[in-house]
Structure formats: C-alpha cells, structure tokens
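Trainee: So you can see what is in the structure, the chains are spelled out below.
Protein chains: 2
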Amino acid sequence: MATIDKKLIKKLREITGLGIMDCKKALIQTSGDLEKAIEILRKKGASVAAKRFDKETAEGVVLSYIHPGNKIGVLVELNCETDFVASTEDVKKFAQDLALHIAAMKPLYLVPEDIDPKFLEHEKEIFKEQLADSGKPENILNKIIDGKLKKLYSDICLLEQPFVKNDQKTIKQALEDLIGKTGENIKIKRFARFQIGA
Amino acid sequence: MATIDKKLIKKLREITGLGIMDCKKALIQTSGDLEKAIEILRKKGASVAAKRFDKETAEGVVLSYIHPGNKIGVLVELNCETDFVASTEDVKKFAQDLALHIAAMKPLYLVPEDIDPKFLEHEKEIFKEQLADSGKPENILNKIIDGKLKKLYSDICLLEQPFVKNDQKTIKQALEDLIGKTGENIKIKRFARFQIGA
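For the record, the sequence lines run as chains A and B. In this note's numbering, each residue carries its 1-based index in the first sequence increased by 255. In this note's numbering, each residue carries its 1-based index in the second sequence increased by 255.
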C-alpha cells in the first residue's frame, strides 16, 4: 500500500473537513495529487469553497504606490525564498522603487513571453508595412524588424524597461543586483497598474 | 467632404506628431475612428508608442489596501462621472472599505459574467455528480443546481458578496446606496488582490 505524507492528509482534511480515512483513500487514488484528491472528494459531496486555497509555496512582499490625487495606483508582488529576506529594507526599498517605476513607465507585461500573440503579430505586420518600399534585402529587413521588436519589449515589458532610478540598468539587471546583494533568488511575480481613464 | 471634429484632429496630432492635413485625411478615411486612423498613420511610418494612450473617458479614484505584514495587498478602481464626486469623502470611504473587503473576502471576479466559462462548466459538472444518486426529478435538480450557482457567485464575485461592513447588503446594494447618496453613476471598474503564496 502506498504511503502518503501525513502533512498532505492533514492539509486535505483542513480543506475538505473530512475524516482521515476518506482523505487518505483519495490521496492514494490520485498518487498524492492534492488538487485531484479534492476533486474526487468534492464529487462525493465535500463542501470545498471554490476559492483558491493557499499554496504557501513562497515568501515575499506585496506593496502599493498611489500617485497623489488617486488617479494612478500600482500593486506589486515580489517573491523570495525566506521571510527573513522578504523583511529586509533592501527588498522593501526595491519593491517601493519598482511600484514607482511602474506608475511612471506604464509597462503592460512582465516579460516578452507574456505579450498577447495577436498584438505581437499585429505589431510585426506594421513594422513590415513600414519597410515595404525600402528596397532592402530580406536579411537586412529581418535585422531591422528584430531591432524594432527589442525596442517594443523595452517599451512595454517591465523586466526589459530601463529603471527610472538608474536608466543605465534594466529592471532585470537591477533585480539581479538585488539577488546578488541578498544571496537569495527574488522574482517579480506580478503587478497591476490602474489609471483613471486608461 | 466629411467634417471631422477639430478636437479629434488635435488628439491625433498629439498622438502621432504628424501635421493637420495627414491627420484629417486619415480620419476622413476611417470616418472619424481614432484607433483606425492611428493604424493607417503607423503603417505610413508615424512613430506611435505601442502603449495605451489615455482615453480620458472617466473620473474616479484608485485606492489600495496593504494588510499589515505586506503579505496581502489590494488595488481597486472606482469610476464616476465627475471629479467633484470622485473627491468626496463618501466615495473615498467606500473605496477604502471595498479594498478592505476584497482583502478579507478574496473575490476572484467582479461579476458572474466574468467567470471563466471552463471553470463554471467544471463546477456545474461537480454539482451534477453530487446529485447523481439523489433520485430527484430533473426540474428539482435544476433548481438545486441554480441555488448552488447563486451560492458560488456570492462566494467568488465581488458584486454578489455580502459586504463585510454590513452583511445584510451585497456589495452591489452598498454601491447602489452610494449612487443614491451622491446622485451620480458609480462603477467598480476593476480590482487586483495579491497574496503571497496564493
């Protein structure tokens, strides 16, 4: 019989409110997959709120910046490995600078991979049309388009933007500096930027 | 010849940096559609940053709530018709209460229409499986499922949730009270809720 981590059973009991045996059985059935086990128990009638249950996989900080006048606001989440590092002034200062940066620089995405593919296709097409009558050979055209794409990324992707506090560095490079300083992996997990009328 | 609003031409000039005639021509070509006109001018080479340009269609406030400890943060935007109402204490107070509510009640969506259709289908299926052996007639089953859906909406949709400050009212009803008090249409435009590890 498969052995199931007791912590996992405890977690499942907390989420579903069911007994040890039911939880253990469901976990054995799903080879220890918590989400699938919840699924099985819900179908049998366990009342689990359809809310996200906390995964508790990370430490970090959430910080906001509201521009005076309350017309622009930013929320940003940094993740790191320990609460110790999350509580340091270095990390909090960086998160605060980042929120200010986002307010000013209006990034739309975190990284180029997040860009809506339709939007990206559309931008590429516009670049091509701009160059349609240039008479340049294709390999040169492709290089120009690559350059325009890089420019686009540094306009709209947070990690590629030049940091407002020091525009000799991108946000990515400033983050790498912070990682070096704290000795811990730190990620910008997500951000939101709301502006009235935009 | 079509007449084009001078304000629209001015706006297009600001966005593209091009002359009056180019902008007017593009707007005539698109029957006054600003976004399409920008498109045409970009293809001709106008350098328009691929950022959202401000639409300036609304007034409102953006407010945040950061739970002590910096593990949970909320950003919320309310829209209204005039800056006068946006600046009133009533509106600011409601926005602040709302941010606190969101921190506590973890809504995932603004309204039921925003729920991911796949997720909704999946939940409906679970409800059906829970009732599969009940032996109840179909019209009763449908009523039970409707009831379960309403419960789901009031769990995860902000406007349907009971307001933490007064659980005799939903957020929607509290908002209607505010609309009555200020005499102006007010909308919750959007919110973000970040929680470390969730």
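Among the hints, erroneous ones may be present.
Pairs involving identical chains hold if they fit within one copy or between any two copies, as the list cannot separate such chains.
As a list, the in silico DMTMM-like pairs of lysine to aspartate or glutamate whose alpha-carbon atoms are at most 25 Å apart [as the list claims (entries may be wrong)]:
#, residue 1, residue 2
1, K405, D277
2, K348, D277
3, K391, D369
4, K347, E393
5, K444, E384
6, K406, D432
7, K326, D352
8, K291, E378
9, K436, E344
10, K444, D369
11, K406, D371
12, K261, D388
13, K261, E439
14, K383, D352
15, K427, E290
16, K279, D422
17, K391, D432
18, K326, E376
19, K299, E336
20, K280, D410
21, K291, D432
22, K391, E431
Rather than coming from a laboratory, the hints here were simulated on the basis of the structure.
Trainee: In ascending order, which of the hints set out earlier in this document are inconsistent with the structure?
Mentor: 1, 2, 3, 4, 5, 12, 13, 14, 15, 16, 17, 18, 19, 20, 21, 22
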